[in-house]
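Heads up: the sequence lines are chains A, B, C and D, in that order.
Throughout the first sequence, residue numbering follows the numbering used here, covering 147 to 397 in sequence.
Throughout the second sequence, residue numbering follows the numbering used here, covering 147 to 397 in sequence.
Throughout the third sequence, residue numbering follows the numbering used here, covering 147 to 397 in sequence.
Throughout the fourth sequence, residue numbering follows the numbering used here, covering 147 to 397 in sequence.
Derived by calculation from the structure, the hints in this document are not laboratory data.
Where is the CB? At the ideal position from N, CA and C, for every residue including glycine.
If you want a taste of the chain A side facing chain B, the calculated C-beta under 10 Å gives, among others:
no.	residue
1	295
2	333
3	335
4	359
5	363
6	375
7	384
Protein chains: 4
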Amino acid sequence: VIITHSETSTGVLNDLETINSYVKAHGEALIIVDAVTSIGAVNIPIDELGLDVVASGSQKGYMIPPGLAFVAVGPKAWTAYETAKLPRYYLDLGKYRKDGAKNTTPFTPPVNLFFALQATLRMMQDEGLENIFARHQRLMSTTRAAVKALGLPLFGPDAVASPAITAVAPPPEIDAEKIRTIVSKRFDIALAGGQNHLKGKIFRIGHLGFVSERDILTAISALEVALRELGYEAFTPGAGVAAASRVLAES
Amino acid sequence: VIITHSETSTGVLNDLETINSYVKAHGEALIIVDAVTSIGAVNIPIDELGLDVVASGSQKGYMIPPGLAFVAVGPKAWTAYETAKLPRYYLDLGKYRKDGAKNTTPFTPPVNLFFALQATLRMMQDEGLENIFARHQRLMSTTRAAVKALGLPLFGPDAVASPAITAVAPPPEIDAEKIRTIVSKRFDIALAGGQNHLKGKIFRIGHLGFVSERDILTAISALEVALRELGYEAFTPGAGVAAASRVLAES
Amino acid sequence: VIITHSETSTGVLNDLETINSYVKAHGEALIIVDAVTSIGAVNIPIDELGLDVVASGSQKGYMIPPGLAFVAVGPKAWTAYETAKLPRYYLDLGKYRKDGAKNTTPFTPPVNLFFALQATLRMMQDEGLENIFARHQRLMSTTRAAVKALGLPLFGPDAVASPAITAVAPPPEIDAEKIRTIVSKRFDIALAGGQNHLKGKIFRIGHLGFVSERDILTAISALEVALRELGYEAFTPGAGVAAASRVLAES
Amino acid sequence: VIITHSETSTGVLNDLETINSYVKAHGEALIIVDAVTSIGAVNIPIDELGLDVVASGSQKGYMIPPGLAFVAVGPKAWTAYETAKLPRYYLDLGKYRKDGAKNTTPFTPPVNLFFALQATLRMMQDEGLENIFARHQRLMSTTRAAVKALGLPLFGPDAVASPAITAVAPPPEIDAEKIRTIVSKRFDIALAGGQNHLKGKIFRIGHLGFVSERDILTAISALEVALRELGYEAFTPGAGVAAASRVLAES
Numbered sequence: 147v148i149i150t151h152s153e154t155s156t157g158v159l160n161d162l163e164t165i166n167s168y169v170k171a172h173g174e175a176l177i178i179v180d181a182v183t184s185i186g187a188v189n190i191p192i193d194e195l196g197l198d199v200v201a202s203g204s205q206k207g208y209m210i211p212p213g214l215a216f217v218a219v220g221p222k223a224w225t226a227y228e229t230a231k232l233p234r235y236y237l238d239l240g241k242y243r244k245d246g247a248k249n250t251t252p253f254t255p256p257v258n259l260f261f262a263l264q265a266t267l268r269m270m271q272d273e274g275l276e277n278i279f280a281r282h283q284r285l286m287s288t289t290r291a292a293v294k295a296l297g298l299p300l301f302g303p304d305a306v307a308s309p310a311i312t313a314v315a316p317p318p319e320i321d322a323e324k325i326r327t328i329v330s331k332r333f334d335i336a337l338a339g340g341q342n343h344l345k346g347k348i349f350r351i352g353h354l355g356f357v358s359e360r361d362i363l364t365a366i367s368a369l370e371v372a373l374r375e376l377g378y379e380a381f382t383p384g385a386g387v388a389a390a391s392r393v394l395a396e397s
Numbered sequence: 147v148i149i150t151h152s153e154t155s156t157g158v159l160n161d162l163e164t165i166n167s168y169v170k171a172h173g174e175a176l177i178i179v180d181a182v183t184s185i186g187a188v189n190i191p192i193d194e195l196g197l198d199v200v201a202s203g204s205q206k207g208y209m210i211p212p213g214l215a216f217v218a219v220g221p222k223a224w225t226a227y228e229t230a231k232l233p234r235y236y237l238d239l240g241k242y243r244k245d246g247a248k249n250t251t252p253f254t255p256p257v258n259l260f261f262a263l264q265a266t267l268r269m270m271q272d273e274g275l276e277n278i279f280a281r282h283q284r285l286m287s288t289t290r291a292a293v294k295a296l297g298l299p300l301f302g303p304d305a306v307a308s309p310a311i312t313a314v315a316p317p318p319e320i321d322a323e324k325i326r327t328i329v330s331k332r333f334d335i336a337l338a339g340g341q342n343h344l345k346g347k348i349f350r351i352g353h354l355g356f357v358s359e360r361d362i363l364t365a366i367s368a369l370e371v372a373l374r375e376l377g378y379e380a381f382t383p384g385a386g387v388a389a390a391s392r393v394l395a396e397s
Numbered sequence: 147v148i149i150t151h152s153e154t155s156t157g158v159l160n161d162l163e164t165i166n167s168y169v170k171a172h173g174e175a176l177i178i179v180d181a182v183t184s185i186g187a188v189n190i191p192i193d194e195l196g197l198d199v200v201a202s203g204s205q206k207g208y209m210i211p212p213g214l215a216f217v218a219v220g221p222k223a224w225t226a227y228e229t230a231k232l233p234r235y236y237l238d239l240g241k242y243r244k245d246g247a248k249n250t251t252p253f254t255p256p257v258n259l260f261f262a263l264q265a266t267l268r269m270m271q272d273e274g275l276e277n278i279f280a281r282h283q284r285l286m287s288t289t290r291a292a293v294k295a296l297g298l299p300l301f302g303p304d305a306v307a308s309p310a311i312t313a314v315a316p317p318p319e320i321d322a323e324k325i326r327t328i329v330s331k332r333f334d335i336a337l338a339g340g341q342n343h344l345k346g347k348i349f350r351i352g353h354l355g356f357v358s359e360r361d362i363l364t365a366i367s368a369l370e371v372a373l374r375e376l377g378y379e380a381f382t383p384g385a386g387v388a389a390a391s392r393v394l395a396e397s
Numbered sequence: 147v148i149i150t151h152s153e154t155s156t157g158v159l160n161d162l163e164t165i166n167s168y169v170k171a172h173g174e175a176l177i178i179v180d181a182v183t184s185i186g187a188v189n190i191p192i193d194e195l196g197l198d199v200v201a202s203g204s205q206k207g208y209m210i211p212p213g214l215a216f217v218a219v220g221p222k223a224w225t226a227y228e229t230a231k232l233p234r235y236y237l238d239l240g241k242y243r244k245d246g247a248k249n250t251t252p253f254t255p256p257v258n259l260f261f262a263l264q265a266t267l268r269m270m271q272d273e274g275l276e277n278i279f280a281r282h283q284r285l286m287s288t289t290r291a292a293v294k295a296l297g298l299p300l301f302g303p304d305a306v307a308s309p310a311i312t313a314v315a316p317p318p319e320i321d322a323e324k325i326r327t328i329v330s331k332r333f334d335i336a337l338a339g340g341q342n343h344l345k346g347k348i349f350r351i352g353h354l355g356f357v358s359e360r361d362i363l364t365a366i367s368a369l370e371v372a373l374r375e376l377g378y379e380a381f382t383p384g385a386g387v388a389a390a391s392r393v394l395a396e397s
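Chain A extracted, bound-state conformation:
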């Protein structure tokens, strides 16, 4: 069973624990977790949950450029590896395990990112994992409170909200792409758009990794200006920032 823990396209955090319990109940199936946008935002107790494979990348919660992947492989997965028939060479995990034990890599790695990783791990250690998780919760709550105060529907319910990204539906009469364009051109802020059939239907506010409370205040302020420019008036001016600052002042 392969699951994407945090769905970047919709801002939904899947219930890893419950899904995992069903996989475990099956007995034989492996659980393989795409944790690319959840690691660094929420705690993933890999060993405690007995997750078989958990994979992530350098470019999200680790806050550095893309180019490194991190894969945790458990004993049951290694057993499956031994009998797996799929031909493999460059992406052969066994090679990486073998060379990793000798503190090297089977192929030329992006060495520049090793330096970046060292720097970012120090930053993460300084902030502390618990604080990092709490910050992501706070950024998520702040963003969602602000969006609600602007009268815009959130794409997913609070119960499954991802601490990495918040998907928002614009007012029906406004194309999400127009909001993105104004916010980008005028304020140099990149909001993600909807993918495939959601294009134009939603925009997404990322709050994963190197993001601060200040960035959320800024994004909400910019969003207010963009909505106003596009003629949307169903909110008290400043209500988004007011809601955001209320959450921040209380936390």
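Use these hints to put chains B, C and D onto chain A, whose structure you have.
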């Protein structure tokens, strides 16, 4: 007559044109303008006004680190220079004129800033001087509108407002330094404090040089959170950002 | 037929043209060229030779960190691709072709290297491909002349010498690793060692990519100091640099 | 008495101790030392010698860009300061002393260089002052031995040689500027030229601050190539590097 064009300590832009007309009426006096925080924010037609000496530095409107000074010296000032009695060596403008003509400098200059200057002048050329001046006007108006909407008194009247910096008096019961501390610690934003007898009485929002509309929205949002945290409730939450975004949406 | 054009481990440049003519004579076989350390050092007329697949990476002749691969695929290879049975996903060339046509990539690429690539391609364009190839020839000749003047055997004959790297056998009584250690510790110059069974038997002087005539002079000078320190006296002091500078002065 | 400790223009290190003893014998005179190119290359026991004023800058032994000056002022000099009549403002040492005590500066300093200074002081601490001085002695000896081996006259005698820079007279038939041009164009190495009446008569090899043994080997190798190109043949090819490497191998 030596005047500071833009008073950084109070956020006041002196009326250079009027003062200059009185100096010119005198006939003999020179006008020497400290334009450190006005060059790059407002137009200073040096030749048209017949300003004798205009001095600025690299670290304000030019947006690069401190270390370079720019001095424009007119014919009348050079005449005064010839008969000036003050001993001089390192700061002898004549040396710089002489060596400048040979494309060199009399003493070792901070060469690293020459590269920075080249980069920043290209940026300024790309944006265009008129656009730069307009941006500073817009940032000033936005900041002032937001501060008024929060019910806080501006330190100087609109008629003499500096496009470089806005000085604000906090609510009487709140020490300006406390606002600065929260905004700095929580949002990593540096507001300037009051100097000398104004310490604690005002705080100042800089908008000179490498500052965007986004930065002002951010600063106002952060200010709202800080005021709320300090118990100041005499404003509708979000009113500052609402006022700011109104100005931005209209400009 | 898969061939490594420039053998980094031995400093040998394989005769691509001849090998290719045999492959072409066969009629059906594809020729797949690992050009990682030859592209950027010698001309590879891919279309003229009708090479089916030519692959390189960002970290050699392109002078930027590892992380990007460049693969040229000819029509015959694409035909083979259509019927190939090997399962593929991340390394599926077809995905890259399809997305490349839309100016995007199927998976998150190391975007930081795109900026580096743009910078390095401008540098290469400024120097000119012919000049780049000539520089590599000159560096190779200079290095080989210097090594001969020091009385050390070159690992491969001149006729098949690689313009990317020169492998050298140390005097029999001296471990190549000792030379590498001195040159590294004392002069901060990285010479490559021998791989596998050649470890200790050879050392290698790289001259691929961002390497200048000055670097070769420096490496040879450092090598002379190291040899002297290790008690090797079978060369006139300075002979290596003298030979190198003779080649440079004449070219 | 104002003396320049290390004369950059001629590569001569003045005998500070002897000159100082005469100044001290006078009783009243102050000794003011321009140590710009000696601090960081040789030990200057300011207190022990009772030097009244010692001045240096950031751009030489400290290895960072120009922009900071360091001035040590002794008690006798401060007494003279109290009664000095020369008008002063920006360069008034008293202002710096007063503000320095409060950990600030009287005028806007080049803050970027404060960060650079912190980095460079850590580097200097890691290397150790004694090692830094020894390195400069070694670089000086190496350079001088190499120049002698090339048959070129050194501008100053060994007894007064500066560990910061070595001035060399080219062969009579060769203009020093031509040597500098080749070495710069071909090898991207900047040799200093002669100043004023020495222009064309000497060139100077700097070895102050961020300079390693490797750099000297490189410079000598490049010099050999340039001399050969200019038709100077009165030296055994490689003799300069041979002499340099002999000194390095022995030290």
